[in-house]
Every structure is written in structure tokens, then in C-alpha cells.
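Peer 1: As a plain string of letters, each chain reads:
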Amino acid sequence: MHADPKGVLTGLHFMDGDHAACEGAIAAGCRFAAGYPITPSTEVVERFAARIPLVGGVFIQMEDEIASSIAILGAAWAGQKVMTVTSGPGLSLMMEHIGLAAMTETPCVFVDVQRAGPSTGLPTLPAQGDMMQVRWGSHGDYGIIALSPNSPQECFDLAVKAFNLAELYRTPVFLMMDEVVGHMTERVAIPKAEEIEVVPRRWTARKPGEYKAYEPGEDLVPEMVKAGDGYRIHVTGLTHDERGYPAMNPQAQDRLVRRLVEKIRRNAHKLVDVRGDHLEDAEVVVVSYGITSRIAAAAVEEARQAGRKVGHLRLVIVWPFPEKVVAELAARVKAFVVPELNLGQMVYEVQRVVAGKAPVVSVPHAGGTVHQVDDILQKILEVAP
Amino acid sequence: MILCGMIIGKAAAIFDGKHATLIQAFGPEARGSAASAQVTLSDEPIGYPYVRRPDVLVVMSPDAYTTFLPTLKEGGTLLYESDLVQPDHQVPAGVKKWGVPATRLAEELGRRLVMNIVMVGFFAATTQLVSYEAAKKAVLDSVPKGTEELNVRAFEAGYNFGRELLVGEGHRVA
Numbered sequence: 013m014h015a016d017p018k019g020v021l022t023g024l025h026f027m028d029g030d031h032a033a034c035e036g037a038i039a040a041g042c043r044f045a046a047g048y049p050i051t052p053s054t055e056v057v058e059r060f061a062a063r064i065p066l067v068g069g070v071f072i073q074m075e076d077e078i079a080s081s082i083a084i085l086g087a088a089w090a091g092q093k094v095m096t097v098t099s100g101p102g103l104s105l106m107m108e109h110i111g112l113a114a115m116t117e118t119p120c121v122f123v124d125v126q127r128a129g130p131s132t133g134l135p136t137l138p139a140q141g142d143m144m145q146v147r148w149g150s151h152g153d154y155g156i157i158a159l160s161p162n163s164p165q166e167c168f169d170l171a172v173k174a175f176n177l178a179e180l181y182r183t184p185v186f187l188m189m190d191e192v193v194g195h196m197t198e199r200v201a202i203p204k205a206e207e208i209e210v211v212p213r214r215w216t217a218r219k220p221g222e223y224k225a226y227e228p229g230e231d232l233v234p235e236m237v238k239a240g241d242g243y244r245i246h247v248t249g250l251t252h253d254e255r256g257y258p259a260m261n262p263q264a265q266d267r268l269v270r271r272l273v274e275k276i277r278r279n280a281h282k283l284v285d286v287r288g289d290h291l292e293d294a295e296v297v298v299v300s301y302g303i304t305s306r307i308a309a310a311a312v313e314e315a316r317q318a319g320r321k322v323g324h325l326r327l328v329i330v331w332p333f334p335e336k337v338v339a340e341l342a343a344r345v346k347a348f349v350v351p352e353l354n355l356g357q358m359v360y361e362v363q364r365v366v367a368g369k370a371p372v373v374s375v376p377h378a379g380g381t382v383h384q385v386d387d388i389l390q391k392i393l394e395v396a397p
Numbered sequence: 183m184i185l186c187g188m189i190i191g192k193a194a195a196i197f198d199g200k201h202a203t204l205i206q207a208f209g210p211e212a213r214g215s216a217a218s219a220q221v222t223l224s225d226e227p228i229g230y231p232y233v234r235r236p237d238v239l240v241v242m243s244p245d246a247y248t249t250f251l252p253t254l255k256e257g258g259t260l261l262y263e264s265d266l267v268q269p270d271h272q273v274p275a276g277v278k279k280w281g282v283p284a285t286r287l288a289e290e291l292g293r294r295l296v297m298n299i300v301m302v303g304f305f306a307a308t309t310q311l312v313s314y315e316a317a318k319k320a321v322l323d324s325v326p327k328g329t330e331e332l333n334v335r336a337f338e339a340g341y342n343f344g345r346e347l348l349v350g351e352g353h354r355v356a
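From first to last, the protein sequence lines are chains S and D. Throughout, our numbering is defined as the position within the first sequence, counted from one, plus 12. Throughout, our numbering is defined as the position within the second sequence, counted from one, plus 182.
No wet-lab data here; the hints were simulated from the structure. Here the structure is a predicted model, which is why all the values come from computation and not from measurement. Heads up, the beta-carbon is just placed ideally off N, CA and C, and yes, glycines get one too. Errors might be hidden in some of the hints.
[What the hints assert, rightly or not] The calculated label-pair distances, taken between Cβ atoms and stated as ranges, are: (1) S:A343 with D:G276: 52 to 60 Å; (2) D:S243 with S:D285: 42 to 50 Å; (3) D:E290 with S:D285: 51 to 59 Å; (4) S:A201 with D:E331: 23 to 31 Å; (5) D:R234 with S:E227: 51 to 59 Å; (6) S:T381 with D:G276: 27 to 35 Å.
[To be verified] Below are the DSS-like pairs computed for lysine-lysine, each with C-alpha atoms no more than 30 Å apart in a straight line: (7) D:K200 with S:K204; (8) S:K369 with S:K336; (9) D:K279 with D:K255; (10) D:K327 with S:K18; (11) D:K319 with S:K204; (12) S:K204 with D:K327.
[As the list claims (entries may be wrong)] Just some of the chain D residues that point at chain S, by a computed CB distance under 8 Å: (13) M188; (14) G191; (15) K192; (16) A195; (17) I196; (18) A202; (19) T203; (20) I205; (21) Q206; (22) G229; (23) Y230; (24) P231.
Assemble the whole structure, with the sequences as input and the hints as a guide.
Peer 2: Shown next, in the form of C-alpha cells:
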């Protein structure tokens, strides 16, 4: 299925990442957003609020992030493609409903334009400090998907992808931007509507009476209906059976929660999105994501000019973590270098997967700006033969 | 100032087919007061997004001059509003200095507000980092409907002023 041309601003734009993410969402078919404006994400909803009435959608500014994150779940069950937009402090407030979205398998997109924390932190300055929170922040076991753009162009492209993955896997999907990517302005090429692939909701073909709301398909994802279609459905955050009714026992818990985790884990090979540079001959691999990948790429080029065999692995989909890709590299390279705008988060994933086969060196940064190329280059030179 | 950066970036990235990255620097305290725009222009894709040592510094106020002059690269270019900023001995030797009375030229056109567009024209003429055509298209693409004619005149006032300045100094001008 292709994008509805009504929502697609085809052409070349000089646009910031926040606006590009908004355009990606609209192109992907998002017609409902609820949010509580927060720097540095405000421009996303500002634009959405201005644009969406023209394409037949709704934006509601809610009283807070808790309300925003539940409003989108309601709209999703009314049949809409939905998102909310926030930054770290707001994301912290949304955790309960992220769990509810995972438990009720509600397709939804959370845009998190990361700023330095904890707490109010540095509202107008960047960080990548929400990477673990977004994976593990709500209680209990579940899987999510997170993407990390490094340019306004990717904010557009990956917003589309985020919506598509939310529909495919019926899970919360996170667009993990940061202040620099959100506020930086670059060329953004928006394709024609017929060139934008859009995944529709997985509506059931079954009739009322035959349909079970949580009966999984082969890929472990159930089909969906919406309120008002005449199906009797029950949607609850309690552990439920295949009909959606509460089932308070360990067997139902095991069956449901295992599936929530497995539907991402078992499909992880389809969810690999990485970019490799100079990996063929690499003895040291820099692993990065988001804005940091642009600095890392410059450091890798400088190291290569200095004669070091260094490669760069950029994670576009960060969660699920591309275990197989990193494990294969771990079998043949001598060290990993992991720069990120936090004091060590995704580096633990790299360490977990590398499992002692090679040293994994963190290049931490508390946020507020980006790394200097030299910060990363020095670490590369320390470990590169 | 932010609009200046936006137009120059757009001229390069959209109409000259190069790469441009614009970073708007502001803190919570800067909303409505001082603001700065950092623009990187390149033939190659841009990695590091911030400008640490600009090749070209454009200042429209004494505050901006004092704050940002120390960042200007050796042998760089200083463009300034010549009725508001008086470059002093702190300008390093080897820096090219070109001033334009942008406010006055804008007032002569009837709207002081378009002083930033005068500066865009002056920037295009003196640095030649963006083409005349691209810069003019970017101006037209960026200003509110109904103000195109005024803004194009402001752009050309700045452009012509810069061109004549360069010719007067014996530079070859495209």
C-alpha cells in the first residue's frame, strides 16, 4: 500500500529533524497525535497541529504526558495510526502506558527527542540517555522496537518506518532522536506518495463470533479490529487469554508474556537495520547510533588515513539489538569502541554479545553537546594495532 | 539572523545542489534576544554538525562581535553591520573585513526589518559561497507571501553593495 498523497509534501526541503519527523508521520498515515509540548520535541507537535487538520486528522494537546500516552492508545483502538512526542522527562511519565501498549499490543509510535538528563537536565541540549529506559523502562517483560536517525532526512524516513513496524508487530515503536538531530536543518527529500510504502493495519478477515482478539498468527502477531466494527472485544492490561479476557494464572501469563517478547525476538533477523563502513578489513569496529554516528564516521576516516584498519557499524534499528551482526564481527575483530552521549548504555549490549571475545571500550559523554572527533579518534588509536 | 542562516543553507542545499547543515544556537534565556546560526557548507556530506572555528563570521550587533570574534578562523572573513559594529584592534591580522550598512539600506527600502536579507545579499556577493541565483531563489522561497518584491530588492541592495566594495578593492568578481 502507498501513502495517501494528501499528506505527502513531495519535494526538496530545507527542514529541521523535528519537522521532518512530523512529515514522516503524516506520510505514514498518522492521523492522530496527542502530546504535551516539551523542548526539544515541541516543533514536531507544533507542525503536526498546524498540518493535520488539512489532511483530516486530529491533534490534542493534553494536560500532561500521562494523558497523552493513553489518548493515543484509545485512538489506535478506534482505528487510527497514532503517535505521541516527548523528551526524557515526558518519556519517564509515559512508562505505565508504554507497558499497557505492549500488553494490549496496540500499534503506536513514540517520538523521543532526547535531551540531557536526569530530570529536567539540559532542556535545549542533546544526549542519548534514554536508550536503556526505552527498552526496559516499563515493568514486566515485553519487546519494543527503537530506531535512531542521524539526520533530518532519516527523521523523515525512519518515522515512516516506525509506523510501518508498529503495524507489523503491534508494539510500541520509538523514534529515538536527540536535540541536535531534531533542531538541525538540512536537505530533506520527500518522495512521491506512490514511492512511499505504507503498512496498513492488520485487520482481521474473520467474522464476529469467529474472531479472537489475541489469537496469534504464524509470526506471533494477532489480527486487529476496531471499536464500532461490531466485534465484542475486551482490551485489558491484565494478563489475558486469546479472547482478551483476564486469566489470572501462571499458564496464561507464560503464554502471553513469552509471546510479547518472542514476537520481536523471533523476528529479530527481519529487524536488522545497520550501516557498515570499512568492515571488510576492520580490526577495530566503532559501534554508534544517532548523532554520534556522524562524529564517529569522521573519527573512523581520520584513523584510516593514519593507517589503522578501523570500521564503523551504525545501528539504525537499535532495539532489537543486532546480536548476530555484532557476534559475527566479534569472531574476527580485535576490539570494539562504543561512543555514545551517555555514560555507558548500549556499550553493555555490545559487551553482552561480544561476550569477552574482544575488548569493548566505552567513549562516554555526559551530554550537552556531541563528542569531539578527537575524543573518539584517541580511543581508536589506543586500541588499534 | 536565524533566517539569514536558513536562506544561505537553503541556497546551497536546495538550489546549488551542495550540502548544508544549519544549527540554531539558543538557550532558554535566548528566546527573543540574542540568537546565532551556525551554517556548514560543503561539497561532501557533513559529519560534525557544529561550527567551532568559522571561516566566515557575520555579526549584526556589538555583542555578537565581542562574543564570536575569538572563534573566527585565522585568515577568515568578517562581515559586519557597519553602522552597528566597529571592528577594532582585536581583529587578527589576515582577516578579511567587509562592512555593510544593512540597517540603513533596509530603511531606504522602507522596511528596517529586511536588514537581514540585505546581509544575505552582501554575504553572497563577498564570499561567493552561494551563487547569486541560488541565494535569490532561497530568499523568494523563505519570505512571507506578499513581501517577495521588497525582499528581493533588499537582497540586491546588499549584493550590489558587496560587489562594488570588492570591485573597489580590485578583486575580480564573477
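Peer 1: Each hint: holds or not?
Peer 2: Hints versus structure:
Distance hint check: the CB atoms of A343 of chain S and G276 of chain D are about 54 Å apart, consistent with the given range 52 to 60 Å. Hint check: S243 of chain D to D285 of chain S, Cβ distance near 46 Å, so the stated range 42 to 50 Å holds. At about 55 Å, the CB distance of E290 of chain D to D285 of chain S agrees with the hint of 51 to 59 Å. The given range of 23 to 31 Å is respected by A201 of chain S and E331 of chain D, whose C-beta atoms sit roughly 30 Å from each other.
A C-beta distance of roughly 58 Å is found between R234 of chain D and E227 of chain S, which places it inside the suggested range of 51 to 59 Å. The supplied range of 27 to 35 Å is met by T381 of chain S and G276 of chain D, whose beta-carbon atoms lie about 29 Å from each other. As the CA atoms of K200 of chain D and K204 of chain S are separated by approximately 22 Å, the hinted pair is consistent with the 30 Å bound. Our distance criterion of 30 Å between C-alpha atoms is met by K369 of chain S and K336 of chain S, whose separation comes to about 14 Å.
Proposed proximity of K279 of chain D and K255 of chain D is supported: the alpha carbons are some 13 Å apart, at most 30 Å. Distance hint between K327 of chain D and K18 of chain S is fulfilled; the C-alpha atoms sit about 23 Å from each other, no more than 30 Å. With a C-alpha separation of about 23 Å, the suggested pair K319 of chain D and K204 of chain S falls inside the 30 Å cut-off, and the hint holds. With a CA separation close to 25 Å, the supplied pair K204 of chain S and K327 of chain D stays within the 30 Å bound.
Because the beta carbon of M188 of chain D sits about 7 Å from the nearest beta carbon in chain S, less than 8 Å, this interface hint is met. Because the smallest distance between the Cβ of G191 of chain D and any Cβ of chain S comes to about 6 Å, under 8 Å, the interface hint for this residue holds. The interface hint given for K192 of chain D is met, as the beta carbon of that residue sits about 4 Å from the closest beta carbon of chain S, less than 8 Å. Among the interface hints, the one on A195 of chain D holds; its C-beta lies about 4 Å from the nearest C-beta in chain S, closer than the 8 Å criterion.
Interface restraint check for I196 of chain D: the shortest CB-CB distance to chain S comes to about 5 Å, inside 8 Å, so the restraint holds. Here the hint on A202 of chain D is kept, as its CB sits about 7 Å from the closest CB of chain S, short of 8 Å. A hinted interface residue such as T203 of chain D counts as satisfied when its beta carbon comes closer than 8 Å to some beta carbon of chain S; here the least separation is about 5 Å, so the hint holds. The criterion of a C-beta within 8 Å of any C-beta in chain S is met by I205 of chain D, whose closest approach is roughly 6 Å, and the hint holds.
Because the beta carbon of Q206 of chain D sits about 6 Å from the nearest beta carbon in chain S, less than 8 Å, this interface hint is met. Interface hint status for G229 of chain D: upheld, as the beta-carbon distance to the closest one in chain S is roughly 4 Å, under 8 Å. Interface restraint check: Y230 of chain D against chain S, minimum CB-CB distance 6 Å, threshold 8 Å, status holds. Hint status for P231 of chain D relative to chain S: holds, with the closest Cβ pair at about 6 Å, below 8 Å.
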